[in-house]
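Visitor: Sequence:
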Amino acid sequence: MCVIDDHVLQARIEKIARDLEMVVLSSKDAALPNDLPGRPRAILIDISLPGALEAIAAWKRDSPDIPVIGAIRVPDAELWAAAESAGADLISSTGTVHRHLGRFLDDYGQRSKQRIRVGPAREFDGRLGLIARIEDGALASPIALYHVGYEIYAVADTCPHAGAELSRGALEGPVVTCPRHGSQFDVTTGERLRGPADDALKTYTVLNDGGILYVESDE
804 MCVIDDHVLQ
814 ARIEKIARDL
824 EMVVLSSKDA
834 ALPNDLPGRP
844 RAILIDISLP
854 GALEAIAAWK
864 RDSPDIPVIG
874 AIRVPDAELW
884 AAAESAGADL
894 ISSTGTVHRH
904 LGRFLDDYGQ
914 RSKQRIRVGP
924 AREFDGRLGL
934 IARIEDGALA
944 SPIALYHVGY
954 EIYAVADTCP
964 HAGAELSRGA
974 LEGPVVTCPR
984 HGSQFDVTTG
994 ERLRGPADDA
1004 LKTYTVLNDG
1014 GILYVESDE
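Residues 804 to 1022 in my numbering are what the sequence shown spells out, letter by letter.
Keep in mind that the hints were calculated from the coordinates and are not lab data.
There's no promise every hint is true.
Per label pair, the in silico range of CB-to-CB distance [what the hints assert, rightly or not]:
no.: 1; residue 1: S866; residue 2: G985; range: 36 to 44 angstroms
no.: 2; residue 1: D865; residue 2: D1012; range: 30 to 38 angstroms
no.: 3; residue 1: G854; residue 2: R983; range: 45 to 53 angstroms
no.: 4; residue 1: D1021; residue 2: D879; range: 33 to 41 angstroms
no.: 5; residue 1: D1001; residue 2: S896; range: 48 to 56 angstroms
Glycine included, C-beta positions come from ideal geometry on N, C-alpha and C.
All chains should be modelled from the sequences, with the hints used to inform the complete structure.
Guide: Structure follows, in structure tokens:
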């Protein structure tokens, strides 16, 4: 789905679509695609259009697995950041977005795992320990993200012993202690270090794609 008002870019996108055996549906109104015809593989939108940011937020809320690519005509750092915050998966200038789009869609279509957006990586710069918690109805458990050393790690935020919220427990180095019964886990590996829990924590891959942090889940 394309929501743009640029004939040159439209032609470039249509060529990419033909190569990927896709059909391009077009609109110049950011409010229209809330009622999408069928289920698009991706949405490309000019983020300078009136209502574009609101539309991106609505699409990502209602269909988080559909990638949204933002195109920007004139460099505008504030608008770029606002589109990222609204949920755009990729943003590029209108002059170069077609170069990224084919690779992005090809990669996105091959993923067998769900990507859950955390937010712009710069928002977590300088923060250590627990930096975020994700609750998603599609997940078996909430996910806690920890910044330990120089890496960010993601683990299930439910103690396998009695279901306590682990992120409420104390973190010392990489070790989190369950606030209910004292089980301990290494958040960098998920390893169970001390009972009464018998099982390790499920771990998740953390990705930085274009300055945006994602957690990858196979649930």
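Visitor: Give a verdict on every hint.
Guide: Results for each hint:
Here the CB-CB span from S866 to G985 is close to 42 angstroms, well matched to the stated 36 to 44 angstroms. About 22 angstroms separates the C-beta atoms of D865 and D1012, a value inconsistent with the hinted range of 30 to 38 angstroms. Distance hint check: the CB atoms of G854 and R983 are about 46 angstroms apart, consistent with the given range 45 to 53 angstroms. Between D1021 and D879 the beta carbons are some 37 angstroms apart, a value that agrees with the proposed interval 33 to 41 angstroms.
For the pair D1001 and S896, the supplied restraint of 48 to 56 angstroms holds, since their beta-carbon distance comes to about 53 angstroms.
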